[in-house]
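Number of protein chains: 4
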Amino acid sequence: MSAASKSFLKWVLGMSNGFSHATEIRVRYAETDAMQVVYHGNYLVYFENARTEMLRAMGLPYSEVERLGLYIVVVEAHAHYKKPAYYDDLLQVNAILSELPSVKLRIDYEITRKATAELLVTGYTVHTFFNKSTNRPARPLKEFIDVVQKYFH
Amino acid sequence: MSAASKSFLKWVLGMSNGFSHATEIRVRYAETDAMQVVYHGNYLVYFENARTEMLRAMGLPYSEVERLGLYIVVVEAHAHYKKPAYYDDLLQVNAILSELPSVKLRIDYEITRKATAELLVTGYTVHTFFNKSTNRPARPLKEFIDVVQKYFH
Amino acid sequence: MSAASKSFLKWVLGMSNGFSHATEIRVRYAETDAMQVVYHGNYLVYFENARTEMLRAMGLPYSEVERLGLYIVVVEAHAHYKKPAYYDDLLQVNAILSELPSVKLRIDYEITRKATAELLVTGYTVHTFFNKSTNRPARPLKEFIDVVQKYFH
Amino acid sequence: MSAASKSFLKWVLGMSNGFSHATEIRVRYAETDAMQVVYHGNYLVYFENARTEMLRAMGLPYSEVERLGLYIVVVEAHAHYKKPAYYDDLLQVNAILSELPSVKLRIDYEITRKATAELLVTGYTVHTFFNKSTNRPARPLKEFIDVVQKYFH
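Chains as they are written, first to last, in my numbering: chain A, 1 to 153; chain B, 1001 to 1153; chain C, 2001 to 2153; chain D, 3001 to 3153.
Derived by calculation from the structure, the hints in this document are not laboratory data. Keep in mind that a hint or two might mislead.
[To be verified] The following label-pair restraints were derived from C-beta to C-beta distances:
#, chain 1, residue 1, chain 2, residue 2, range
1, B, Lys-1132, C, Tyr-2151, 38 to 44 Å
2, B, Asn-1135, C, Ser-2102, 36 to 42 Å
3, A, Lys-132, C, Ile-2145, 52 to 58 Å
4, D, Tyr-3086, A, Val-73, 31 to 37 Å
5, C, Tyr-2086, B, Asp-1146, 49 to 55 Å
6, C, Lys-2132, D, Arg-3139, 49 to 55 Å
7, A, Glu-24, C, Ala-2115, 17 to 23 Å
[Claimed, not checked] Cross-link-like lysine-lysine pairs, in silico, DSS-like; alpha carbons within 30 Å at most:
#, chain 1, residue 1, chain 2, residue 2
8, C, Lys-2082, D, Lys-3142
9, B, Lys-1114, D, Lys-3114
10, C, Lys-2132, A, Lys-83
11, A, Lys-82, B, Lys-1132
12, A, Lys-132, D, Lys-3132
13, B, Lys-1104, B, Lys-1082
14, B, Lys-1142, B, Lys-1104
15, B, Lys-1142, A, Lys-83
16, C, Lys-2114, D, Lys-3132
17, D, Lys-3132, B, Lys-1083
18, B, Lys-1132, B, Lys-1142
19, D, Lys-3104, D, Lys-3082
20, D, Lys-3083, C, Lys-2132
21, D, Lys-3114, C, Lys-2132
22, A, Lys-142, A, Lys-104
23, A, Lys-132, C, Lys-2114
24, B, Lys-1082, A, Lys-142
25, C, Lys-2082, C, Lys-2114
26, D, Lys-3114, D, Lys-3082
27, D, Lys-3082, C, Lys-2104
28, A, Lys-82, B, Lys-1104
29, B, Lys-1132, A, Lys-83
30, B, Lys-1082, A, Lys-104
31, A, Lys-114, C, Lys-2132
32, A, Lys-114, A, Lys-83
33, A, Lys-82, C, Lys-2132
34, B, Lys-1082, A, Lys-82
35, D, Lys-3083, B, Lys-1132
[Stated by the list, open to error] Sample of chain A residues facing chain C (criterion: CB under 10 Å; computed from the structure):
#, residue
36, Ala-30
37, Glu-31
38, Asn-42
39, Tyr-86
Each residue gets a CB set at the ideal place from its N, CA and C atoms; glycine is no exception.
Could you put the whole structure together from the sequences, leaning on the hints where they help?
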């Protein structure tokens, strides 16, 4: 069972462990390509958008993380493209945190077309923490861990 | 041993099976982000650029593939970020075809900073073929297979 | 008096002639650059987003215009950058139609930071119409003119 | 006579005053949109690319300008779109410095399709200088002025 499927299951079952947040994104012309669909690289931008809104919904906006002196950097990104999205489509992007972050933080994503509920893209990103002043790997902030642990029990 | 490592080995050993092509890319300001490094999503664009030049070097430019009536679409993309690239860095992006394409086509990538030879990013993309007029999955073109098979023996 | 100032005045005075629509845009990390501000080219994307929402608010979504067989293409774009926008800023982008379109359609834009009401960027785009099947310049659609004329009297 | 025409004339006449530099850019799939042409906002990125290479050719790479403590920021951008560019087109982007910079620096651009010599896009950008540490407007660097003055007599 994939991590995405597991997290989806948890989410259906009430998300006893973890956090899921849905962000709506309207496809811009700039984001399409000559195949008349969303350019595959732009889904990583949609993932970023959903991740940002998930952190905000958890009570710790990413801009606040940076103000506290940390960068959350992307060390791995994966996308699986099932169906295309088109110009002006309204997408729902679920960002799912199903594992308590340690040195690494993994977030899963599921993108659907709102009008039809079709699943278009799944994927995940893996992140580590960097100290902004030293530019060296760092432990996650206590503030970050405190916020996140509320959703795992 | 990862597919990337295997393909790298073959490439060192003379690439008896497959094809590898190096493309140089200069980092634009537009491609950096507020962390003052290349935005992670833009490496998929660099992969695309290198894939295009690899196909051209093999004798079958992608624009020609489309003229022949096929789309090569991306069904999966993966990137592993090891070190950042900066504005104005000159990058070398190796695109590596190490498996004879069948229904799927897999291409691996290795991005290094030219000045220091540091390995910055690895990744791969998986592709399938679509008929442009029917918009349905298709077999790869005979022209495509003929060109590709020259590099596998 | 600039066209932007004139249109602003009309808008304040009740917009007896023309139409103005405000769209909110949240700045993505992908849209910033190594100066840690929004990359100047991305404001044209924000203009596009606001133009799309203005047309939707007028009752003629651009996707509908294309379905009716027309492209509205950009023939000129201008931006004047006064102050930077930063990651995660919530922007208000006003798209203003103050002249009844003829062969050309001109739209003005004003971007402010919501939190401070600072004016960040002004600009405009000029558009013409193309027939999608012939790929030749075309008159604006009757449907388009009918919708637009409701706002000019 | 427009500034672009004047600068073109000077360039033809041997560019006794000013500097012009041609950069080749290959259109990426990522840069096209659903109209199957280059998205209009991306020409500002091509302008940036050509401006960077012009400065490098003049002997003062922009990365060096930043190392010396200055930002050259964009305060105005204009583009006039005449004909579309397509995927995989090889473009020539001329960046033209025809006025000795003072507090402001203006650069003109002309983009042609190499294969046909068709003029596709013209435009310009206007820039000012910022001190990186104080984040306040600054005079251009002596190093910058010294380099630039060699081309004006």
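Quick rundown of the hints versus the structure:
1. Lys-1132/B with Tyr-2151/C: 38 to 44 Å: The hint (38 to 44 Å, Cβ to Cβ) holds, given that Lys-1132/B and Tyr-2151/C are roughly 41 Å apart.
2. Asn-1135/B with Ser-2102/C: 36 to 42 Å: Given a distance of about 37 Å, which is inside 36 to 42 Å, the answer is holds.
3. Lys-132/A with Ile-2145/C: 52 to 58 Å: Holds: the Cβ-Cβ distance is about 54 Å, inside 52 to 58 Å.
4. Tyr-3086/D with Val-73/A: 31 to 37 Å: holds, 36 Å
5. Tyr-2086/C with Asp-1146/B: 49 to 55 Å: Once the Cβ atoms are compared, 53 Å apart, the range 49 to 55 Å for Asp-1146/B and Tyr-2086/C holds.
6. Lys-2132/C with Arg-3139/D: 49 to 55 Å: The hinted range 49 to 55 Å holds for Lys-2132/C and Arg-3139/D, with Cβ atoms some 51 Å apart.
7. Glu-24/A with Ala-2115/C: 17 to 23 Å: holds, 22 Å
8. Lys-2082/C with Lys-3142/D: Satisfied, since the Cα-Cα distance of roughly 25 Å is no more than 30 Å.
9. Lys-1114/B with Lys-3114/D: holds, 28 Å
10. Lys-2132/C with Lys-83/A: holds, 25 Å
11. Lys-82/A with Lys-1132/B: Distance of about 17 Å is within 30 Å: holds.
12. Lys-132/A with Lys-3132/D: holds, 18 Å
13. Lys-1104/B with Lys-1082/B: holds, 27 Å
14. Lys-1142/B with Lys-1104/B: Holds, because 14 Å separates the two Cα atoms, which is no more than 30 Å.
15. Lys-1142/B with Lys-83/A: holds, 26 Å
16. Lys-2114/C with Lys-3132/D: holds, 26 Å
17. Lys-3132/D with Lys-1083/B: holds, 25 Å
18. Lys-1132/B with Lys-1142/B: holds, 16 Å
19. Lys-3104/D with Lys-3082/D: holds, 27 Å
20. Lys-3083/D with Lys-2132/C: holds, 15 Å
21. Lys-3114/D with Lys-2132/C: holds, 26 Å
22. Lys-142/A with Lys-104/A: Given pair Lys-142/A, Lys-104/A holds - Cα atoms ~14 Å apart, limit 30 Å.
23. Lys-132/A with Lys-2114/C: holds, 28 Å
24. Lys-1082/B with Lys-142/A: Since the Cα atoms of Lys-1082/B and Lys-142/A sit roughly 25 Å apart, the hinted pair holds (cutoff 30 Å).
25. Lys-2082/C with Lys-2114/C: holds, 15 Å
26. Lys-3114/D with Lys-3082/D: holds, 15 Å
27. Lys-3082/D with Lys-2104/C: Judged against 30 Å, a Cα distance of about 14 Å means the pair holds.
28. Lys-82/A with Lys-1104/B: holds, 14 Å
29. Lys-1132/B with Lys-83/A: holds, 15 Å
30. Lys-1082/B with Lys-104/A: holds, 14 Å
31. Lys-114/A with Lys-2132/C: OK: Lys-114/A and Lys-2132/C at ~28 Å, within 30 Å.
32. Lys-114/A with Lys-83/A: With a Cα-Cα distance of about 13 Å, the restraint between Lys-114/A and Lys-83/A holds, given a limit of 30 Å.
33. Lys-82/A with Lys-2132/C: holds, 28 Å
34. Lys-1082/B with Lys-82/A: Given that 30 Å is the threshold and the Cα spacing comes to 28 Å, the pair holds.
35. Lys-3083/D with Lys-1132/B: holds, 25 Å
36. Ala-30: Given a least distance of 4 Å, the restraint on Ala-30/A holds.
37. Glu-31: Holds - the Cβ of Glu-31/A comes within 10 Å of chain C, reaching about 8 Å at its closest.
38. Asn-42: Hint on Asn-42/A: holds, closest Cβ of chain C at ~9 Å, below 10 Å.
39. Tyr-86: holds, 8 Å
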